[in-house]
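Q: Residue-level listing of the chains:
Protein chains: 4
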Amino acid sequence: VIDPERGKKYLVNGRLETDKGIVPTDKLGRVYVRGKKYIVLDPWFVDFWDAKKRGPQAMLKKDIGLIIAYTGVGPGWRVAELGCGSGSLLLYLANLVRPSGKVYAYDKNELYLNIARQNICQARLEEFVEFKQRDLYEQDIDEAGLDLVVLDLPEPWRVVPRLRNKLKQGAFLVAFVLHMEKLRKLHDCLLEHGFDDIQMLECIERKIIVTNNGTRPEISGILHTGYVVISRLVEP
Amino acid sequence: VIDPERGKKYLVNGRLETDKGIVPTDKLGRVYVRGKKYIVLDPWFVDFWDAKKRGPQAMLKKDIGLIIAYTGVGPGWRVAELGCGSGSLLLYLANLVRPSGKVYAYDKNELYLNIARQNICQARLEEFVEFKQRDLYEQDIDEAGLDLVVLDLPEPWRVVPRLRNKLKQGAFLVAFVLHMEKLRKLHDCLLEHGFDDIQMLECIERKIIVTNNGTRPEISGILHTGYVVISRLVEP
Amino acid sequence: VIDPERGKKYLVNGRLETDKGIVPTDKLGRVYVRGKKYIVLDPWFVDFWDAKKRGPQAMLKKDIGLIIAYTGVGPGWRVAELGCGSGSLLLYLANLVRPSGKVYAYDKNELYLNIARQNICQARLEEFVEFKQRDLYEQDIDEAGLDLVVLDLPEPWRVVPRLRNKLKQGAFLVAFVLHMEKLRKLHDCLLEHGFDDIQMLECIERKIIVTNNGTRPEISGILHTGYVVISRLVEP
Amino acid sequence: VIDPERGKKYLVNGRLETDKGIVPTDKLGRVYVRGKKYIVLDPWFVDFWDAKKRGPQAMLKKDIGLIIAYTGVGPGWRVAELGCGSGSLLLYLANLVRPSGKVYAYDKNELYLNIARQNICQARLEEFVEFKQRDLYEQDIDEAGLDLVVLDLPEPWRVVPRLRNKLKQGAFLVAFVLHMEKLRKLHDCLLEHGFDDIQMLECIERKIIVTNNGTRPEISGILHTGYVVISRLVEP
Chain A
34 VIDPERGKKY
44 LVNGRLETDK
54 GIVPTDKLGR
64 VYVRGKKYIV
74 LDPWFVDFWD
84 AKKRGPQAML
94 KKDIGLIIAY
104 TGVGPGWRVA
114 ELGCGSGSLL
124 LYLANLVRPS
134 GKVYAYDKNE
144 LYLNIARQNI
154 CQARLEEFVE
164 FKQRDLYEQD
174 IDEAGLDLVV
184 LDLPEPWRVV
194 PRLRNKLKQG
204 AFLVAFVLHM
214 EKLRKLHDCL
224 LEHGFDDIQM
234 LECIERKIIV
244 TNNGTRPEIS
254 GILHTGYVVI
264 SRLVEP
Chain B
34 VIDPERGKKY
44 LVNGRLETDK
54 GIVPTDKLGR
64 VYVRGKKYIV
74 LDPWFVDFWD
84 AKKRGPQAML
94 KKDIGLIIAY
104 TGVGPGWRVA
114 ELGCGSGSLL
124 LYLANLVRPS
134 GKVYAYDKNE
144 LYLNIARQNI
154 CQARLEEFVE
164 FKQRDLYEQD
174 IDEAGLDLVV
184 LDLPEPWRVV
194 PRLRNKLKQG
204 AFLVAFVLHM
214 EKLRKLHDCL
224 LEHGFDDIQM
234 LECIERKIIV
244 TNNGTRPEIS
254 GILHTGYVVI
264 SRLVEP
Chain C
34 VIDPERGKKY
44 LVNGRLETDK
54 GIVPTDKLGR
64 VYVRGKKYIV
74 LDPWFVDFWD
84 AKKRGPQAML
94 KKDIGLIIAY
104 TGVGPGWRVA
114 ELGCGSGSLL
124 LYLANLVRPS
134 GKVYAYDKNE
144 LYLNIARQNI
154 CQARLEEFVE
164 FKQRDLYEQD
174 IDEAGLDLVV
184 LDLPEPWRVV
194 PRLRNKLKQG
204 AFLVAFVLHM
214 EKLRKLHDCL
224 LEHGFDDIQM
234 LECIERKIIV
244 TNNGTRPEIS
254 GILHTGYVVI
264 SRLVEP
Chain D
34 VIDPERGKKY
44 LVNGRLETDK
54 GIVPTDKLGR
64 VYVRGKKYIV
74 LDPWFVDFWD
84 AKKRGPQAML
94 KKDIGLIIAY
104 TGVGPGWRVA
114 ELGCGSGSLL
124 LYLANLVRPS
134 GKVYAYDKNE
144 LYLNIARQNI
154 CQARLEEFVE
164 FKQRDLYEQD
174 IDEAGLDLVV
184 LDLPEPWRVV
194 PRLRNKLKQG
204 AFLVAFVLHM
214 EKLRKLHDCL
224 LEHGFDDIQM
234 LECIERKIIV
244 TNNGTRPEIS
254 GILHTGYVVI
264 SRLVEP
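Protein chains in written order, with our numbering: chain A, 34 to 269; chain B, 34 to 269; chain C, 34 to 269; chain D, 34 to 269.
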C-alpha cells in the first residue's frame with residue numbers, strides 16, 4: 034500500500050489501518066479512504082526496499098544508482114560488501130547478481146546483520162547472499178576473484194591494502210565516503226595498492242513537485258549524503 | 034586501454050596508436066609511454082559502454098543509475114525502450130535483464146537503430162535485445178505484460194495513453210524529459226491514463242578532483258541533462 | 034546575542050533568558066552559560082536582518098546576493114520593490130542606496146507592510162524607505178526614472194507592460210519567480226515590452242559543516258527557493 | 034554594446050566592429066546587424082564589471098553576492114581586501130562603500146594590481162580605493178578598526194592571527210577558499226584567534242535558458258568555484 038501524499042509505503046497482509054481509517058487491500062489499484070488516496074499493489078522489488086527495516090544511516094537510491102551505473106554490476110557477479118549495515122545497497126546487489134552470482138555481506142555489528150538478513154528474506158533474495166560477522170579492520174574476507182568490493186566503512190584505507198589479491202584484474206572497488214578530508218587519503222591509498230582509474234563523485238538529487246500553483250523543485254530535503262569513489266584493480 | 038588523464042577509453046585489438054606513441058596491449062596493467070600513463074585491461078561492461086559509438090544526445094550514467102535504482106529493473110524483466118537512440122540506456126537494460134529477460138528497442142530513426150545494434154553487438158548482448166524501427170507517435174508497440182517501458186521521446190504524452198494495456202499492474206513507466214514545461218503536461222497525462230505514484234527527479238553530479246594543491250569539485254562540466262519521471266501502472 | 038549552535042540571533046536590551054539560564058549582555062564576546070556558548074555583540078546590519086520579524090515566505094541571503102550582484106545596486110539608486118512582503122530584500126536595498134538614494138516599498142497587504150515598517154525602523158533605515166499600500170495588478174506606481182524595479186508578485190507579467198515608462202534606459206527589472214512554467218511567460222512578456230538582456234538564474238546554496246569526524250556539506254536543508262530573473266530596459 | 038547571444042559586453046567609444054559588420058552606437062537600444070541583435074546602452078556599473086580586464090581567476094557574481102549578503106557591507110564601511118587580484122570583488126566593494134567608505138586593496142603581484150587599478154579607473158571608482166603592493170604572509174596591513182577584511186589567498190591561516198587587532202569587534206573576516214582540506218584548517222585557526230560565528234558556504238548557480246523547444250537549465254557550465262567562509266571578530 035502506497036500513501037503517495039506522504040511518500041510512504043506499507044507491506045501488509047490483509048488490510049492497513051491508518052489515521053484516516055482502514056484501507057482494504059483485496060482489490061488492487063487506487064482506493065480512497067475519507068477522500069485520501071491510497072494505492073494498493075502487489076509488492077515489487079523497490080516496494081520491499083522502500084518498506085525495509087532501517088538500522089544505521091542507509092544509502093539512498095541516488096547513490097546506489099551511481100554505484101550500479103559506474104560499475105556495471107549485473108547477473109553473475111560475485112560481490113563483497115564490507116559494512117553492509119541494514120542492507121540498503123545489499124538488497125540491490127542481491128537482486129542484480131541473480132541467478133548465478135552471489136553477494137558476501139560483511140558487518141562487524143550483529144544487530145545490523147540481523148536487520149539486513151530480515152530485509153533480504155522479506156525480498157526473497159536469501160539464496161543470493163551470504164552473511165558474515167567480522168571486524169574488517171582486523172580480519173580479511175574469505176573470498177577471492179571477486180568482481181566488485183564495496184566499502185562502507187569510516188576508514189576504508191585500513192582495508193584497501195588487503196583487498197589487492199581478492200579481486201580479478203580490472204574488477205571494481207567502490208567506497209562510500211562521508212567526509213571531504215577522507216577523499217585524498219583514500220585516493221592516494223588506492224593508487225599505492227594497485228588500484229587506478231579513480232572517479233570520485235557526488236550527486237545532488239532534487240524532486241520536482243507539481244502543485245496547483247505551478248511546477249517547482251521541492252523546497253527542502255537532502256542536500257548531501259556522501260561521496261562515491263569508484264576504482265579498478267589494475268595491478269593485482 | 035584507458036587514458037585516465039583525459040578520461041578516455043579505447044577498445045583495441047593489438048596496439049593503440051596515440052600522439053605520445055604506441056601503447057602496447059600485450060601486458061595488462063599500467064603502461065607508461067613517454068611519461069604518460071595508460072591503463073590496459075580486458076574490457077568489462079562499462080568499458081564497452083564508455084567506448085560505444087555515439088549518435089544523438091546520449092543518456093549519462095547518472096540518469097541511467099536513477100532509472101535503474103527507482104525501478105529496480107533486474108534479471109528476467111521484459112522491457113521496452115521507446116526512442117532508444119544510439120543505445121546508451123539500452124546497453125544497461127540488456128545487461129541487467131540477463132539471462133531470461135528481454136529488451137524491445139524501438140526507434141523511428143534507422144541510423145540510430147544501426148548504431149545501437151553495433152553497440153549491443155560489441156558488448157555481446159544481442160541475444161537480449163530485439164530492434165524495431167517504428168514511428169511511435171503513430172503505431173503501437175507489439176508487446177504486452179511488460180515490466181518496464183522507458184520513453185525517450187520529445188512528446189511522451191502522445192504515447193502514454195496507448196501504453197496502458199501494455200504493462201503489468203504495478204509495472205513502471207519511465208520518461209526522460211528535457212524541458213520544464215513538459216513535466217506538468219506529462220504528469221497530468223499519466224494520472225489520467227491509469228498511472229500514479231509519480232516521481233519526477235533531477236540529478237546534479239559533480240566529479241571531485243584531487244590535485245597537488247588540494248581536493249575540489251571539478252570547475253566546469255555538465256550542469257543539467259534532463260528530468261527523470263518514474264510512475265507505476267496502477268489501473269490497467 | 035548569537036546562539037551559534039542553533040544558528041539563532043536575538044536582539045536584546047539587557048539580558049537574554051534561555052532554557053540554559055540567563056545570558057548576561059553587559060560584556061561583549063563569548064559567554065558560556067552551563068557550558069553552552071553564546072556570542073554577545075552590538076548589532077550590525079545583518080544582525081538586524083537575521084532577527085527581523087517574519088511575515089510571508091522571505092527571500093534568503095543567497096537570492097538577495099544574486100540580485101545585488103547582477104544589478105550592481107548601490108548608493109544613490111532609486112528603487113521600487115513591488116511586493117515587499119515583510120521586508121527581507123527591502124532591508125538590504127535600503128541599506129545599500131544610502132545616503133542619497135531611496136526605496137519605494139509597495140505591497141497590497143497592510144499586515145506585511147506593517148511588519149516591513151517595523152523591521153526597517155529597527156534597523157534605523159526609515160529615512161531611506163517610503164511605504165505604499167497598493168494593488169499593483171490594478172494601479173501604477175508613482176515614481177519614474179527609476180534605476181531598479183523588483184517584482185515579487187505571483188504574476189509579474191501583469192505589471193511589466195506598465196513599467197516601461199517608469200525606468201531609466203538601461204535600468205534593471207528583476208523578478209523573483211517560484212514556478213518553472215512562469216519563466217517563459219515572463220521572458221516573452223519582457224522581450225515584448227522593451228526589456229532585453231534577460232538572465233534567469235537559480236542558486237543552490239550549501240553550508241559546509243566541520244564536525245569531529247570530518248568536514249562535509251550539511252545533510253538536509255533548503256534545496257530550492259525560486260528563480261531570479263534579471264533584465265534591462267532597452268527601449269523605453 | 035551587449036551581444037546577448039554570446040553573453041558578451043564591449044565598452045566602446047564610437048562604433049563596434051564585429052564579424053557581422055559594424056555596430057553603430059549613436060542610437061541607444063536594439064540594433065540589428067545582418068540579422069544579429071546587439072544592444073547599445075550607456076555603461077552602468079555591471080557593464081564596467083563585465084567588460085573589465087582579466088588577470089588571474091576572477092571571483093564570479095554568485096560568490097560576490099554571497100559575500101555582500103552575508104556581511105551586509107554598505108556605504109561608509111572601511112574594508113581591506115588581501116589578494117585583490119585583477120579587482121573582481123574590489124569593484125563591487127568600492128561601488129558599495131561610497132561615498133564615505135574606503136577599500137584598501139592589497140596584492141603581492143604588481144601586474145595584478147595594475148590591472149585592478151585600470152579596472153577601478155574605468156569604473157570611475159579610484160576615489161574609494163587605495164592600492165598597496167605587499168607580501169601579506171610577511172607583512173601586516175596598515176589599517177585598523179576595519180569593518181571587513183576579505184582574504185583571497187592560498188593559505189589564509191597564515192594571515193588570520195595578525196588580523197585580530199585590525200578589525201572592530203563584531204566586524205567580518207571573509208575568506209574565499211578553493212580546496213576542501215583548507216576549510217577545517219581555516220575553521221580551527223579562526224576559532225583560536227578570536228573569530229567565531231563561522232559560516233562556510235558553497236553556491237551552485239545555474240542559468241535557465243528559454244529555447245523554442247522549451248525552458249531548461251543550461252547544459253554545461255561552471256560547477257564549482259570555491260567556498261566562501263564568513264566569520265566575525267568576537268574577541269579582539
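Honestly, the hints are just simulated from the structure, not real lab data.
Some clues are possibly wrong.
Same chains, same names: a pair is fine if it fits in one copy or spans any two.
DSS-like cross-link-like pairs, simulated, lysine-lysine; straight-line CA separation at most 30 Å [as the list claims (entries may be wrong)]:
1) LYS201 x LYS135
2) LYS53 x LYS70
3) LYS41 x LYS240
4) LYS86 x LYS141
5) LYS70 x LYS240
6) LYS201 x LYS60
7) LYS141 x LYS70
8) LYS141 x LYS199
9) LYS53 x LYS135
10) LYS218 x LYS70
11) LYS199 x LYS53
12) LYS165 x LYS218
13) LYS240 x LYS53
14) LYS70 x LYS165
Q: For each hint, tell me whether it holds in the structure or not.
A: Hints, one by one, checked against the model:
no.: 1; hint: LYS201 x LYS135; verdict: both (15 Å within a copy, 28 Å between copies)
no.: 2; hint: LYS53 x LYS70; verdict: within (10 Å within a copy, 45 Å between copies)
no.: 3; hint: LYS41 x LYS240; verdict: both (15 Å within a copy, 29 Å between copies)
no.: 4; hint: LYS86 x LYS141; verdict: within (18 Å within a copy, 45 Å between copies)
no.: 5; hint: LYS70 x LYS240; verdict: within (20 Å within a copy, 37 Å between copies)
no.: 6; hint: LYS201 x LYS60; verdict: between (49 Å within a copy, 15 Å between copies)
no.: 7; hint: LYS141 x LYS70; verdict: neither (42 Å within a copy, 37 Å between copies)
no.: 8; hint: LYS141 x LYS199; verdict: within (19 Å within a copy, 46 Å between copies)
no.: 9; hint: LYS53 x LYS135; verdict: neither (43 Å within a copy, 42 Å between copies)
no.: 10; hint: LYS218 x LYS70; verdict: between (50 Å within a copy, 21 Å between copies)
no.: 11; hint: LYS199 x LYS53; verdict: neither (53 Å within a copy, 34 Å between copies)
no.: 12; hint: LYS165 x LYS218; verdict: within (28 Å within a copy, 39 Å between copies)
no.: 13; hint: LYS240 x LYS53; verdict: within (26 Å within a copy, 39 Å between copies)
no.: 14; hint: LYS70 x LYS165; verdict: neither (42 Å within a copy, 39 Å between copies)
Checked against the numbered hints given earlier, the structure breaks hints 7, 9, 11, 14 and satisfies all the rest.
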